[in-house]
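Order-wise, the sequence lines are chains A and B.
Using UniProt numbering, you'd call the opening residue of the first sequence number 1 and step up by one each time.
Using UniProt numbering, you'd call the opening residue of the second sequence number 1 and step up by one each time.
Hints in this document: simulated from the structure, not taken from any laboratory.
Treat each hint with caution, since some may be false.
When chains are identical, the list treats them as one kind, so a pair holds in a single copy or across two.
To be verified - In silico SDA-like cross-links for lysine to any residue, where the CA-CA straight-line distance does not exceed 20 Å:
hint : residue 1 : residue 2
1    : Lys42     : Glu70
2    : Lys64     : Asp50
3    : Lys71     : Leu59
4    : Lys64     : Asp49
5    : Lys71     : Asp50
6    : Lys71     : Thr13
7    : Lys64     : Ala11
8    : Lys64     : Gly3
9    : Lys71     : Ala11
10   : Lys71     : Leu28
11   : Lys64     : Gly16
12   : Lys42     : Ala52
Number of protein chains: 2
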Amino acid sequence: MGGETVELRVAMTCEGCSGAVTRILGRLQGVASFDVSLETQKVTVQIADDAALTPEGVLEAVAKAGKQTEKWA
Amino acid sequence: MGGETVELRVAMTCEGCSGAVTRILGRLQGVASFDVSLETQKVTVQIADDAALTPEGVLEAVAKAGKQTEKWA
């Protein structure tokens with residue numbers, strides 16, 4: 001498990017929105033690194049190699065922000 | 001339990017932010033009604049009379065949006 005890169009499309013309309021997603025990912029266990037782009041609406045998450053976190057788990061955590069969230073591709 | 005009115009101060013900077021809080025409250029079990037004001041930064045939640053939901057539970061659910069959340073008063 002772990003090691004995957006997850007790409008999501010998240011509806012974010014201001015820096016408050018992207019900041020909320022940033023805070024959620026910052027406290028999510030198993031995230032090695034991440035990038036949140038308000039401009040492209042793209043959220044990229046690198047799962048740590050030995051993490052129990054799954055791509056679905058990442059999507060669910062971000063969706064709890066209350067924003068429309070879906071897989072990028 | 002239940003029946004309480006909960007007032008929270010939530011940092012929201014655009015309609016994407018307030019919409020996210022609205023979606024979270026709309027799917028939270030035990031909420032009888034609620035109001036989200038972007039202008040005043042105030043979120044008011046009426047817990048249903050027979051609900052197991054607590055004021056702390058409301059605060060935790062809203063805080064999962066990733067926004068600064070605290071009791072209003």
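Hint check:
Within a single copy, Lys42 and Glu70 get their C-alpha atoms as close as 10 Å, which meets the 20 Å cut-off; across copies the closest is 29 Å, which misses it. For the identical chains of this complex, Lys64 and Asp50 are neighbours neither inside a copy (24 Å) nor across copies (25 Å), given an alpha-carbon limit of 20 Å. When the C-alpha separation of Lys71 and Leu59 is checked against a cutoff of 20 Å, the pair qualifies only within one copy, where the shortest distance is 8 Å, while the shortest distance between copies is 28 Å. With identical chains, the CA atoms of Lys64 and Asp49 are never at most 20 Å apart, being 24 Å at best within one copy and 26 Å at best between copies.
For a Cα distance limit of 20 Å, the shortest separation of Lys71 from Asp50 qualifies neither inside one copy, at 22 Å, nor across copies, at 38 Å. In the homo-oligomer, the alpha carbons of Lys71 and Thr13 lie at most 20 Å apart inside one protomer (18 Å), although the nearest pairing across protomers, at 26 Å, exceeds that limit. With identical chains, the CA atoms of Lys64 and Ala11 are at most 20 Å apart both within one copy (13 Å) and between copies (16 Å). Taking identical chains as interchangeable, the C-alpha atoms of Lys64 and Gly3 are never at most 20 Å apart, the minima being 23 Å within one chain and 25 Å between chains.
In this assembly of identical chains, the alpha carbons of Lys71 and Ala11 lie at most 20 Å apart only when taken from the same copy (12 Å versus 27 Å across copies). Proximity of Lys71 to Leu28 under the C-alpha cut-off of 20 Å is restricted to the intra-copy arrangement: shortest distance 18 Å within a copy versus 24 Å between copies. In this assembly of identical chains, the alpha carbons of Lys64 and Gly16 lie at most 20 Å apart whether taken from the same copy (15 Å) or from different copies (14 Å). Taking CA atoms no more than 20 Å apart as the test, Lys42 paired with Ala52 passes in neither setting, with 23 Å inside one copy and 37 Å between copies.
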